[in-house]
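> So the sequence lines, in the order shown, correspond to chains A and B.
Mapping of the first sequence onto the working numbering: residues 53 to 314, in sequence order.
Mapping of the second sequence onto the working numbering: residues 376 to 441, in sequence order.
Hint data in this document are derived by calculation from the structure and do not stem from the laboratory.
Quantities reported herein were computed from a predicted structural model and do not represent experimental measurements.
It cannot be assumed that every hint is accurate.
For lysine-lysine, the following DSSO-like pairs were computed, each having C-alpha atoms within a straight-line distance of at most 30 Å [claimed, not checked]:
| id | chain 1 | residue 1 | chain 2 | residue 2 |
| --- | --- | --- | --- | --- |
| 1 | B | Lys406 | A | Lys82 |
| 2 | A | Lys80 | B | Lys406 |
| 3 | A | Lys201 | A | Lys179 |
| 4 | A | Lys80 | A | Lys121 |
| 5 | A | Lys179 | B | Lys406 |
Which stretches of chain B does chain A cover? Using the computed rule of at least three CB atoms under 8 Å from a CB of chain A, they are [to be verified]:
| id | segment |
| --- | --- |
| 6 | 392–399 |
| 7 | 405–411 |
| 8 | 426–438 |
Positions of the beta carbon are idealized from the N, C-alpha and C atoms, including for glycine.
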Amino acid sequence: MDGAQRVDDTWSVAGRTFRSRLIVGTGKYKDYAQNAAAAEAAGAEIVTVALRRVNLSDPTQPLLVDYVKPDRFTFLPNTAGCFTGEDAVRTLRLAREAGGWDLVKLEVLSNTKHLLPDMEETLRALKLLISDGFQVMVYCSDDPVYALKLEEAGAAAIMPAAAPIGSGRGIQNFLNLGLIIEQSKVPVLVDAGVGTASDAVLAMEAGCDAVLMNTAIAEAREPLRMATAMKHAVIAGREAYLAGRMDKRTYGDPSSPRAGLI
Amino acid sequence: MNLTLNGEAHVFPPLADLAALISQLGLDGRKVAIERNLEIVPHSAYGKTRLSDGDRIEIVHFIGGG
């Protein structure tokens, strides 16, 4: 229902069909209650989640799954914090045991300030995960050459960064994003780097199948309001893409007829 | 018995199995995933997975992330 106005306008990844084209992260919120409310306001059907050690000294701490419920949202476990393929496989095997999901988000970051993906290790990790039976949505750089390698290796979705994670700078390379969208037969999602609603509109107008974001909502002054803005932005961008924009002209062209003037 | 839990050494009275450890820790076993000596233990096997002195146990769950 949420996230798309046209009943027939759905998208599918790894055999699963969704209406909402906005995937939201669950990090950086004030608390899990706000997190859950933002995911609802965004109309999201998929949320990304991370896997970490339980705090054994305080088992009464609030649990994500008690607020953002797995029966309401499709959980997309990520590999945040993994720098090798082996780490990613170990993490996602545990995630699969924790919840039974085989649809996962692979991200293998470079250990740098900019956090951009390590594509050589990402591709190696992807092959390990696929041979272990996972359906893998892959966070990647906006490099069409590597994007094609990922697709040929069996990626379920290609998810290029608009800009570094958490930078809020919007799409930095429309040319590359367009080339990736043009060549890909699996869904393409802009993942990371979205800052505000117009960035999401532009991603969808460019022809992305969906957008994944976390910080843009969580660090807005009013996260719930920004979640609503992002929901509308993704719908607006998608509808504009489907509608097909007018041609650009050099000169003005009056909207009122020239004929019949008094 | 001595167990390494999430990287830290702990001393427990003798525990029969993994289910007993989960209970001792006050955790809900349905909401975690567990590795014993780097091998994942399925939820269905908690009650029949014996613990040995020196076992390294990782107990993880989902938290917020992007």
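> Has the given pair, A/Lys80 with B/Lys406, been kept, meaning a C-alpha gap of at most 30 Å?
Given that 30 Å is the threshold and the Cα spacing comes to 21 Å, the pair holds.
> Checking C-beta pairs, does the segment 405–411 of chain B have three or more residues closer than 8 Å to chain A?
It holds, with 5 qualifying residues against the three required.
> Just to be careful, I want the Cα atoms of A/Lys201 and A/Lys179 compared with a cutoff of 30 Å; is the pair within it?
Given pair A/Lys201, A/Lys179 holds - Cα atoms ~11 Å apart, limit 30 Å.
> Taking a Cβ-Cβ distance under 8 Å as contact, does the segment 426–438 of chain B have three or more residues in contact with chain A?
Contact hint for the segment 426–438 of chain B vs chain A: holds, 6 residues under 8 Å.
> Holds or violated: A/Lys80 and A/Lys121, Cα atoms, limit 30 Å.
holds (18 Å)
> Taking 30 Å as the top limit, are the C-alpha atoms of A/Lys179 and B/Lys406 close enough?
holds (29 Å)
> Just to be careful, I want the Cα atoms of B/Lys406 and A/Lys82 compared with a cutoff of 30 Å; is the pair within it?
holds (22 Å)
> For the segment 392–399 of chain B, count the residues whose Cβ lies under 8 Å from any Cβ of chain A; is that count three or more?
violated (count 0)
Violated hint for the displayed structure: number 6, the only one.
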